[in-house]
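Please build the complex by placing chain A on the supplied structure of chain L, with the hints as guidance.
Listed in order, the protein sequences are those of chains L and A.
Counted the way this note's numbering counts, the first sequence spans residues 1 to 291.
Counted the way this note's numbering counts, the second sequence spans residues 1 to 234.
It should be emphasised that the hints constitute simulated quantities derived from the structure, not laboratory data.
Since we're looking at a predicted model, the values are computed, not measured.
Glycine residues also receive a C-beta, built at the ideal position from the N, C-alpha and C atoms.
Misleading hints may appear alongside valid ones.
[Stated by the list, open to error] Just a few of them, taken from the derived set where beta-carbon distance is under 10 Å, the chain A residues facing chain L: (1) Val-73; (2) Leu-87; (3) Lys-98; (4) Gly-100; (5) Gly-133; (6) Gly-148.
[Unchecked claim] Just some of the chain L residues that point at chain A, by a computed CB distance under 8 Å: (7) Thr-170; (8) Ala-171; (9) Arg-173; (10) Ala-174; (11) Gln-177; (12) Asp-178; (13) Ile-181; (14) Pro-183; (15) Leu-184; (16) Met-185; (17) Gly-186; (18) Val-187; (19) Ser-188.
Chain by chain, the residues:
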Amino acid sequence: MEFSITDPFLWETVIQGLLFGGVLALLSLGLNIIFGVIDVVWICYAELIMIGMYAIYFLYADYGVPLPLAFIAGILTVALLGAALHHFIIRPILHTEPINQLLVTGGVLFFLQGFATLVFSVEFRNLGVSFGSFAAGDMFFPISRMLAFAVSLVAVVVLWLFLKRTFLGTAIRAISQDREIMPLMGVSPQKIYLVTSALGGGLAGLGACLLVLLYDIHPAIGLTFGPITFMVCVLGGLGNMIGGFIAAFIFAEFIALGGFYAEVEWGYVMAFVFFIVMMFIRPQGIMGSKS
Amino acid sequence: MLELRDVATGYGSFQALFGVSLEVKAGEAVAVIGPNGAGKTSLLRVISKVIELKGGHISMEGVSLDDVPAHQVIELGIAHVPEHRRLFPRLTVEENLKMGAYMQAARERYRERLDFVYELFPRLKERRHQLAGTMSGGEQQMCALGRGLMSGPKLLLLDEPSAGLAPVIVQQVFDLVRRIRQEGYTVLIVEQNIQQVLKVVDRAYLLEVGRIKMSGAAQELLENDEVRRAYIGL
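This is chain L alone, in the form it adopts within the complex:
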């Protein structure tokens, strides 16, 4: 295999990796904000995305709801699901051993998968929406991927502004620094947790909007994205959104370039080897603080 920096296919690959990185960054965002604020890992995060994808699919394909409306409904559905997950399942065991929270959200993962298999069947479904490709010289980029990348970046910026500028956003950042004194500020921690869960769910819903354009929907699709999203978060430093953002692009480039020089599967292998090595060098993650 020869290496050439001017090879348009190499550049196409690098840019494809960048586009995929944007989507991974968005996926990691919701999981990170939940962990950063509530100190709980939603093992079933990718399954919430899966439910969102089904919601969008059925609304659009079976009920003829216009795609933008179906997207909004999908985001709201998963946001509601996130809030419900917190209220009914996380809240009662919030102050018990962390292992309980892992087990229970792991249980929700299998529940949602089983539920989807029973109700929606194992059939692969495709939204059947195509936006075509964009050609730049010899390089081709699917417009759906470019759209997904752009939406991810916009979402990241909007979320950042929300966390930085608003009272609620500031409280969300403050609560992880000192939980106990929040009531003295007039803040109800339970309300912040609920809002954050809905926000994390909403981000998963937005992820569903993007993934539904790129991939077939089936009950186990969560397994395709769950582990990698989780690893992106851990590599970046669990709860650290900037770290997660950087890690998403590192992972995506490993996978893209692996696919270019060998097979995509080798890209995944390289990415995971890199992950394991990094866990020995910096167990707290790229941007994480030691704790």
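Showing chain A alone in chain L's frame:
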């Protein structure tokens, strides 16, 4: 303004206060003094409802606090500046102040309150974009007091504002408390630095193992032989 009647509280099976009654009138500065572990911090914490009220009654301007949840106490005009300052270390000074104005009524007057606090403590304005955790102890206490003022409270609860600070800085902190008093705020302050605090307040209560042992004008307590012997070391 603030009235406590037979207040009892504690943590789990440990009882911290046994039937404490006290009163703070509008415009007054009142100190609660006493040794370590007397229940001074618990007293402020039970007023803020951060810990459970296990007996007795608390009221603010005639409104009962007994069944008010902790995060709504501030809406009745009570701001609590906690022990050890407890700023959000990775938020900037201004973001810390913003958190002090979180409740709805304060948000609407946020700019106005911010200008007021910056005028009162110009140092905070200079440092407004600095992370709170990187400031010196004295500046952090200034920020904590400013954060308490952001909600536009009627009553300020100050928990050991001089604790853990160098002697020179302690002087400055009491000057800040004086400045706050001059602005017309009613203050209930808990302190171990008895000699200093009694010079700033009108009245004081002496708290020992969860009970009020003595009360009177600040000057009276300052001259009381028992207080001088036990707490001022004279």
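Comparing the hints with the structure gives:
1. Val-73: Nearest chain L Cβ about 8 Å off; hint holds.
2. Leu-87: OK, holds: Leu-87(A) within 10 Å of chain L, min 8 Å.
3. Lys-98: 5 Å, holds
4. Gly-100: Because about 6 Å separates Gly-100(A) from the closest Cβ in chain L, which is inside the 10 Å limit, the hint holds.
5. Gly-133: The hint holds - Gly-133(A) has a Cβ within 10 Å of chain L, the shortest such distance being about 9 Å.
6. Gly-148: Where the cut-off is 10 Å and the nearest Cβ of chain L is about 9 Å from Gly-148(A), the hint holds.
7. Thr-170: Holds - the Cβ of Thr-170(L) comes within 8 Å of chain A, reaching about 5 Å at its closest.
8. Ala-171: Holds: closest Cβ of chain A sits about 6 Å from Ala-171(L), inside 8 Å.
9. Arg-173: Hint on Arg-173(L): holds, closest Cβ of chain A at ~7 Å, below 8 Å.
10. Ala-174: 5 Å, holds
11. Gln-177: Where the cut-off is 8 Å and the nearest Cβ of chain A is about 4 Å from Gln-177(L), the hint holds.
12. Asp-178: 6 Å, holds
13. Ile-181: Hint on Ile-181(L): holds, closest Cβ of chain A at ~5 Å, below 8 Å.
14. Pro-183: This interface hint holds because 4 Å falls under the 8 Å limit.
15. Leu-184: 5 Å, holds
16. Met-185: Holds - the Cβ of Met-185(L) comes within 8 Å of chain A, reaching about 5 Å at its closest.
17. Gly-186: Check passed: Cβ of Gly-186(L) comes within 4 Å of chain A, closer than 8 Å.
18. Val-187: 6 Å, holds
19. Ser-188: 4 Å, holds
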